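Undergrad: Given next are the chains, with one letter for each unit.
2 protein chains.
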Amino acid sequence: MPNPSTPAPNPRPLGSRRIELLTLGDELLLGLTPNSHLTWIGEQLGRRGVQLARNVTVSDEADLIAAEVRAAWARADVVITTGGLGPTCDDRTREAVAAAIGQPLVHDPAIERAIADRFAKLGRRMTPNNLKQADRFERGEVLPNANGTAPGLWVEQDGRVLVMLPGPPNELRPLFTEQVLPRLARLGLIGEHEAYIQLRTAGVGESALETRLQPVFAPHGDALSVAYCAHFWRADVRLSSPSGRLGPAALQAIANECAALLGEDFVNFGHDSLARVVSDLFRAQEKTLAVAESCTSGLFSGQFTDICGASKFFRGSLVCYGNFAKMQVLDVPESLIEQHGAVSDEVAVAMATGVAEAFEADYGVAITGYSGPGGGTTATPAGTIHLGLHSPQGVWSKKMNYAAARAAVQERAVTMALDWLRRELGRAASGVSAPPRRATLIG
Amino acid sequence: MPNPSTPAPNPRPLGSRRIELLTLGDELLLGLTPNSHLTWIGEQLGRRGVQLARNVTVSDEADLIAAEVRAAWARADVVITTGGLGPTCDDRTREAVAAAIGQPLVHDPAIERAIADRFAKLGRRMTPNNLKQADRFERGEVLPNANGTAPGLWVEQDGRVLVMLPGPPNELRPLFTEQVLPRLARLGLIGEHEAYIQLRTAGVGESALETRLQPVFAPHGDALSVAYCAHFWRADVRLSSPSGRLGPAALQAIANECAALLGEDFVNFGHDSLARVVSDLFRAQEKTLAVAESCTSGLFSGQFTDICGASKFFRGSLVCYGNFAKMQVLDVPESLIEQHGAVSDEVAVAMATGVAEAFEADYGVAITGYSGPGGGTTATPAGTIHLGLHSPQGVWSKKMNYAAARAAVQERAVTMALDWLRRELGRAASGVSAPPRRATLIG
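These protein sequence lines map, in sequence, to chains F and V.
When the letters of the first sequence are read in order and numbered with numbering that gives the first Met the number 0, they come out as residues 0 to 442.
When the letters of the second sequence are read in order and numbered with numbering that gives the first Met the number 0, they come out as residues 0 to 442.
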């Protein structure tokens with residue numbers, strides 16, 4: 000059995016590593032479940048400097064699996080399979096893979112004990128089906144699964160690696176992060192650390208960003224590789240040095256220079272979302288937030304759903320479709336709506352203040368507009384959104400006009416509002432009280 | 000050129016049709032974008048009786064594409080590619096595919112005119128890049144793209160079909176539904192109509208459902224195929240007759256029998272979501288809805304985001320994390336929270352009535368609980384959720400206890416609440432006023 004603690008230094012550059020992913024399951028082919036393993040594993044490997052070479056999805060049937068594993072095994076450095084290990088899966092999945100790589104399966108009493116223990120702890124009885132989950136490859140290893148019965152299986156053979164992972168994401172992900180990534184890194188098949196430094200920015204388009212950062216990048220010529228990834232109102236910049244001529248410290252120095260140059264348009268380094276950055280600012284400053292949305296129908300507040308501890312600062316939110324709720328719950332005067340319309344700077348401001356007061360929050364955000372495709376008027380066409388921001392420093396509104404598909408309009412409005420909060424919280428922390436650019440100061 | 004109006008009847012059963020999907024793009028392999036084409040196309044084909052045989056994702060590079068198309072073309076009845084047709088894509092994508100299937104490309108002046116017209120209408124100038132989008136296969140056809148510049152390409156050759164589709168979903172989906180599906184059906188490669196009748200049910204587990212429906216299915220033996228697909232608090236039943244021994248009318252008669260037997264637990268036939276069914280009931284009865292959520296943080300109201308016309312009945316919603324908003328905005332008495340706790344039948348009922356009154360809605364739904372993993376108390380552990388329902392017929396609460404992952408707890412609570420609304424609206428329409436099962440009648 001190969002000893003995974005011995006590093007196998009490999010002189011080939013990371014970019015030439017070939018990793019293939021085989022995802023198994025009818026539910027993927029029938030569209031019942033999205034192929035989230037491709038998205039998640041692809042991202043993890045990309046961060047370590049290796050782009051997944053290929054993903055194949057087939058049914059969980061022994062013959063199909065054997066053919067795909069054989070083909071991938073013939074040309075890849077690493078073959079990863081997901082699914083096909085559950086007790087109700089095709090019994091012959093493991094056998095098919097074993098045949099494809101030319102290794103027999105052996106029953107492993109230690110796995111059987113771990114499965115039996117798990118069942119005992121859950122107060123359930125082990126079924127004979129679970130017994131086949133106690134098989135491993137003869138010259139392979141076992142990757143313990145803390146969240147399910149089927150362990151991962153690991154084989155190193157002829158300079159290649161085969162990894163079989165259980166399908167449920169809550170089992171696969173910790174197993175991949177804690178066991179597979181470190182093992183692949185030790186073998187030199189992926190980077191030990193992140194392959195690039197990511198700067199997240201907001202409020203600057205991709206080409207404007209490129210122009211502004213060019214003076215920082217130019218001196219480094221082709222030693223520096225720069226990739227842009229634009230979203231709505233956000234853009235990420237990834238700095239790397241595929242040739243290795245710029246080390247981590249040099250790359251970080253360049254990234255710092257970019258951040259300083261971008262000022263407020265720089266959001267953060269790394270992978271944290273804008274909502275996470277805003278959450279951290281709220282928690283650090285011990286301030287609270289409340290939100291009123293109409294045309295984004297809960298998408299803004301939904302940004303905080305998955306953020307642990309959001310309830311510490313997020314007082315709550317209101318989605319109001321009609322004018323009644325605006326008037327009744329948020330205390331927006333009917334006369335204001337009649338005079339200026341529900342989609343106006345004036346109403347956005349009144350909503351922001353109204354929601355902050357209703358929830359007794361320090362900050363109030365309001366989004367009112369027409370996401371389209373229908374709605375809108377000649378003066379205020381679909382794609383027109385007014386944002387309102389109530390803060391301890393004052394209250395402002397901002398108008399955006401974006402002729403695009405409904406989901407794009409909504410995403411941009413939500414991102415703009417989050418980014419506005421981020422800037423305002425940043426200014427509050429640094430004691431700067433100038434009103435934000437492009438904003439109308441009302442009262 | 001083959002004439003697509005001539006049907007090519009093919010005696011092989013649909014199940015033996017082999018359709019392969021090739022999805023192109025680094026963004027899929029790097030996890031920047033989920034592979035939604037697999038999910039969506041897989042579902043469309045599944046509904047017509049053919050399970051996608053295989054999906055391969057590779058980078059948009061000519062050599063890789065050529066190899067994959069050649070392999071798929073050698074064994075499949077239909078090969079579908081997505082992506083690789085944009086003006087900034089690898090120039091050689093079309094050439095690579097042309098080489099793989101042994102047909103030259105020709106420039107099509109009609110496509111060029113369509114592209115030029117599109118640019119003129121948008122007030123933009125066509126770039127030389129766009130010219131290559133005017134190529135088609137010599138003995139192939141063009142599938143016009145109403146939402147973008149690159150048309151789809153269609154080839155019938157040696158009894159097989161190759162389809163190349165543009166990558167953006169808003170271009171691909173209408174093109175697939177309006178042009179590709181009818182063509183494949185005409186050639187007998189997929190079913191003319193839906194391959195199964197789907198019954199959607201709620202409130203019954205998969206095995207209980209199987210037991211209840213067995214007497215309806217038993218007389219039909221193996222002429223009838225039944226597949227179950229269980230979700231949280233919902234289950235779908237798909238009835239088909241792969242042998243063809245039961246025609247559409249016979250299948251519908253069996254489905255009707257199931258629906259009658261299931262009574263209120265039957266939701267609908269087809270693919271409409273529970274939220275859509277509830278929306279239709281609200282609109283038909285001209286009633287309105289308001290929602291207050293805590294532990295599901297907007298997931299309930301998010302069910303209506305994509306439903307066109309939801310603003311006609313959905314007055315609005317409130318997400319409240321702390322007790323303050325419950326008291327302030329919803330008028331839940333502080334003493335009630337102190338005596339019974341925020342997660343209790345009493346508070347759920349007060350929230351439901353409070354939100355209905357705040358938004359002046361006929362129906363009010365409240366969800367309060369601990370989604371986990373943290374939170375909860377010994378008496379009220381994580382996974383405990385109380386639902387409240389205020390309706391013109393009365394006000395009730397319901398308790399659910401579900402020890403599972405956070406997202407599962409939330410999905411089940413949201414589905415239970417939607418389903419409760421559905422049942423209550425159904426009873427209101429039929430004049431039945433009995434309180435729902437498992438409900439506590441309060442005041």
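Simulated from the structure, these hints should not be mistaken for laboratory data.
Keep in mind that this is a model prediction, so the values were computed, not measured.
Fair warning: there could be bad hints in the mix.
[Said to hold, decoys possible] Example chain F residues on the side facing chain V (calculated, C-beta under 7 Å, incomplete): (1) Phe265; (2) Phe268; (3) Tyr320; (4) Met326.
[Claimed, not checked] Where chain F lies over chain V, by a calculated footprint (3+ residues, C-beta under 8 Å): (5) 157-163; (6) 221-227; (7) 311-317.
[Claimed, not checked] Think about it this way: if two alpha-carbon atoms lie no more than 30 Å apart in a straight line, the pair counts; the simulated DSSO-like pairs of lysine-lysine are: (8) Lys311(F) / Lys398(V); (9) Lys398(V) / Lys398(F); (10) Lys120(V) / Lys311(F).
Even glycine gets a Cβ: it sits at the ideal position worked out from N, Cα and C.
Undergrad: Now tell me, hint by hint, if it's right for this structure.
TA: Cross-check of the supplied hints:
Proximity of Phe265(F) to chain V is violated relative to the hint, the smallest CB-CB distance being about 21 Å (cut-off 7 Å). Interface restraint check: Phe268(F) against chain V, minimum CB-CB distance 18 Å, threshold 7 Å, status violated. For Tyr320(F), the interface hint holds, the least distance from its beta-carbon to any beta-carbon of chain V being 4 Å, beneath 7 Å. At about 10 Å, the closest approach between the beta carbon of Met326(F) and any beta carbon in chain V exceeds 7 Å, and the interface hint on this residue is violated.
Beta-carbon proximity to chain F at under 8 Å applies to 0 residues in the region 157-163 of chain V; the threshold of 3 is not reached and the given coverage is violated. By the rule of at least three residues with a Cβ nearer than 8 Å to a Cβ of chain F, the coverage given for the region 221-227 of chain V is violated, with 0 such residues. Chain F is given as covering the region 311-317 of chain V, and this holds because 5 residues of the stretch bring a CB closer than 8 Å to a CB of that chain, at least three being needed. Restraint check: the Cα-Cα separation between Lys311(F) and Lys398(V) comes to about 26 Å, which is no more than 30 Å; the hinted pair holds.
For the hint linking Lys398(V) to Lys398(F), the alpha-carbon distance of about 44 Å lies beyond 30 Å, and the restraint is violated. Taking the CA atoms of Lys120(V) and Lys311(F), the gap is about 51 Å. The hint is violated against a cut of 30 Å.
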